[in-house]
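Peer 1: This is what each chain is made of:
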Amino acid sequence: MYKRKFLNMIILIVGMIVLFSCEYEKITYDVPDPTIPVSYATDIQPIWAKGCVGCHPVGGPPPALTPDDSYNALITGGFINDLVPDQSIIYTSMTTGGSMAAYSNAQDAGKVLVWIQQGAKNN
Amino acid sequence: MKKSLLVLLLLLVGFGNVFAQEPEEEKAEKKPLERAPFESGIFMDDQTVQTYPSNTLEFVLQHRFGTIQNGFTDLFGIWGATNIRMALNYSITDNLMIGFGTTKNKRYQDLSVKYTFFHQRKGGFPLTIGYYGNMALNASDKSNFGMDYAFVDRFSYFHELMFARRFCRSFSMQMGFAFVHFNKVDTTIKNDAFSISAIARFKVSPQTSIVASCEVPLMLGYDTPFILKYGQKGIYYGPKSPLPNVGLGVEISTSTHAFHIFVSAAPGLLPQDIVMYNQNDFFNGAIMFGFNMTRLWNF
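So the sequences go chain by chain: D and Z.
Heads up: the first sequence begins at 160 in my numbering, then just goes up one per residue.
Heads up: the second sequence begins at 37 in my numbering, then just goes up one per residue.
Hint data in this document are derived by calculation from the structure and do not stem from the laboratory.
Every residue gets a Cβ at the ideal spot worked out from N, C-alpha and C, and that includes glycine.
Nothing false has been slipped in among the hints.
Residues on chain Z that point at chain D, a partial pick, calculated with CB under 10 Å:
(1) W115
(2) G116
(3) N141
(4) S179
(5) D189
(6) H217
Throw the hints in and build the complete structure from the sequences for me.
Peer 2: Following this line, the structure appears as structure tokens:
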């Protein structure tokens, strides 16, 4: 009988937590300002470090996104399109329907696009 | 908001009622229990009504490989991106099981509960009916939640009512009706979704079965896509409406282990992730290999 009362109380508490932690929100992103210079080392490389190097080390599927190799891998591997920046493979794979969409978000993809639009410099 | 509150309240009330009605002594004319419809609590991508005798600890390992679309370059997905979940489930009573799991994609940490409240009886009640619910915390980087971040944005919930029947020794089937809620989603999808799932097991030998499952998400309406503007170009962001998930495979089971080896479409492992975010079309080649392993300990 004690067990049943205890279980009932647990259910009530869990139920209250579930009910009161429920909300309805939408994800909105800050639009990156294209006039502010984007640095590869401080803005773009941390994006790779956050969620990409696990499956994209040197020797893994291209591009290698480790700190020492990522810039060369992107430039020489055909992932960047200087003429039409939003058709760059590195960018389209991070956006809706892209192969890497599940591992990135719109904020990071936007930063990468602005970096390419600013000349894809190794800065 | 009101709708989901009502659903949750009803479930709470249902729980309380069932506990209150449990009889102190068995009625003399209660029919004998039918054997269990499934060997294990998990079934490829779905949950089953199966719970274990009290004081049983179950370790669950679920693994999905990449899709086969890259062919031999990544050995049909086996060398590709993976998703893994490890979980421990504990049976408090013969019908009540709680669990904790951790998943690689989106770093989900989930707490779950499963309760079976009606059982199939020989010549009596025709179905086994159970409830499965979980609450998951998305522990990935804060930047994935956009602006106005709050801790509660990370939570998602899943509730499912399952109706299973063991038709004969070699065939069992289960229908599930589920409700999914994510606290914060992209603007291209809604926070709530429903899903209907059906799973079937064909036993071909005492330890081997062919298993098939199908899950169809239903999202009522879409929100308008959110457009981010770079210069003059407008770009749509966010996942598209989710696609159904189909699974087909083999189950090998012993008294303490169950193994599932199969192909399915959804890379997610938590039921809410599969319902809400599956973007792989099983019928267009986005198939992936996967396996589950469970191990039981009786204390």
